[in-house]
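Enquirer: Numbering-wise, the sequence shown is residues 1 to 499 according to full-length UniProt numbering.
The reader is advised that the hints may include incorrect statements.
[Said to hold, decoys possible] EDC-like cross-link-like pairs, simulated, lysine to aspartate or glutamate; straight-line CA separation at most 16 Å: (1) Lys83 x Asp38; (2) Lys257 x Asp229; (3) Lys190 x Asp323; (4) Lys257 x Asp224; (5) Lys352 x Glu319; (6) Lys160 x Glu172; (7) Lys257 x Asp283; (8) Lys352 x Asp423; (9) Lys352 x Asp282; (10) Lys67 x Glu81; (11) Lys67 x Glu113; (12) Lys83 x Glu73; (13) Lys257 x Asp295.
Note that these hints are calculated values from the structure, not bench results. This one's a predicted model, so the numbers in the text were calculated from it and none came from an experiment.
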Amino acid sequence: MISQLPSFLRLGPRKQTLSDTPEPGWFDAEWYLSQYPDVVASGMGAWRHFYMHGRHEGRMPCLAHAKLWGRGELPAAVLAELKASLRTRPSLQANYAAWLLGRWHAVHHEWREVWRYMRHYSTTLRDGTPLFMHRMPVMLAVEAMRMRRQHLRAGRMLGKWEKREGASTESELARANLLHPMYERRKGAKGRWLAQVNRPYVLSGLAPLVFRNELPEERPPSMDALYADIPPGSAQPAPHETVSVIVPAYNASTGLKAAVESVLRQTWPALEVLIVDDASTDDTRAVAQALSLGDERVRVIEQPSNQGAYAARNAGLRESRGDMLTVHDSDDWSHPQKIEQQVLALRAAPHKVACISHWIRASSELTFGSWQTPSGWAGWCHRNTSSLMFRRSVFEQLGYWDRVNCSADTEYFHRIMTAFGRDAVLEVAPGVPLALGRISATSLTQASDTSIFSIFSGMRQQYDQAFNAWHAQAGEASALYLPEHPQARPFPAPQGMLR
């Protein structure tokens, strides 16, 4: 029944301990430990870690399930096994199967199937064994109802969850999705929706979002028209550390102007914006040049040939002059206080060498959240690797990004922690989306060999293992320096990731 999950939320779960939940047949402890060295380092048993943490973090329990992601269809044998698990008791296996199948169909935008399995998940919870009593299965059920235009039921489910567990950024923005003006046509709908969107910012003491030039009521919301009602340059008194913001751009003429303008509107005044055109074939160069003519803080760097996003980042890094360095993707949007928040965090902690903030993915029309990446399964608002801001001394000691097609930002992040310690990187305003990552048809490709899901089984996983091995064998930070054009690779990378 559609009302079963809300009923469960009203009644509350039976208290369950790990001893009530024996290790199921589909869990492979040896494989789990081989894939997640941090679990080994923690000293926690494999099943205990998965039960208490890994299941919420999107970690895979066995090789067979890891191989499912990125496929166009589920193998018949695996599908049959999972469907059989839906009927098993105790409900641990049933809950896991429902959550896995729900996510898999969400990745493929098959919302009827998502609701079919999440409805089963709610039934197993009603039986009293809440294996996955975490906010994201509830958010997935809410999203499935939204996609099926069952907004009232979705709102009731959110209300019961928030009453029991408290509101979160995900639940606030899931409610905003239900209030989106594309569904609500009554007068004032856009204002009510925007007030809901702004709750995470207002509750954190940040400026609320508004639309540039008071977007007419009949016009749909647009990320390109967003800004915040706060004057640029109103940050802390001088002196200001200069921040170099590198914007790699390839065929990015559609979103580049909005992305760069969100940087130029930052409250932190001492900025250098380096747009690196990676030999685009569209109007990217013209858009970049127009932005540079309109603001002296913008410089344009032109690559002689298309070399990839990380080579473009490296070109910006080479030309940068700032005390602190960061990146901004060419189709994303940043809250105007993002850079200020990050700089002040580093200023207050001189022993830290870098910091990172959080983001949420959103459509151009500003519906929030994505089920297309594993990181989103643990929470829509999560760490934004592109927001990594580091002191110039880090660049001087560690050098450049690796020149591969993907995952080099993750490698650099881990390189910093290996060189300076895991506590050398600050998380700034965790749970607050200081940036919006634009969802597009090409930004989250699942079909390629380097898709985001290859982190479970494929090229990204192989790359991750290789760079971790390089980091582990480095005796000191100087051994981790990577020049812009190394004569030889310091660690192997899959051929498909090399240019």
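Enquirer: All hints, please: hold or fail.
Expert: Hint check:
1. Lys83 x Asp38: 32 Å, violated
2. Lys257 x Asp229: 19 Å, violated
3. Lys190 x Asp323: Not satisfied, since the Cα-Cα distance of roughly 41 Å exceeds 16 Å.
4. Lys257 x Asp224: Roughly 8 Å separates the two Cα atoms, so the pair holds.
5. Lys352 x Glu319: Status violated; Cα separation ~24 Å.
6. Lys160 x Glu172: It holds: about 13 Å lies between the C-alpha atoms, which stays within 16 Å.
7. Lys257 x Asp283: Holds, at about 11 Å.
8. Lys352 x Asp423: 8 Å, holds
9. Lys352 x Asp282: Status violated; Cα separation ~41 Å.
10. Lys67 x Glu81: 15 Å, holds
11. Lys67 x Glu113: 20 Å, violated
12. Lys83 x Glu73: 15 Å, holds
13. Lys257 x Asp295: 12 Å, holds
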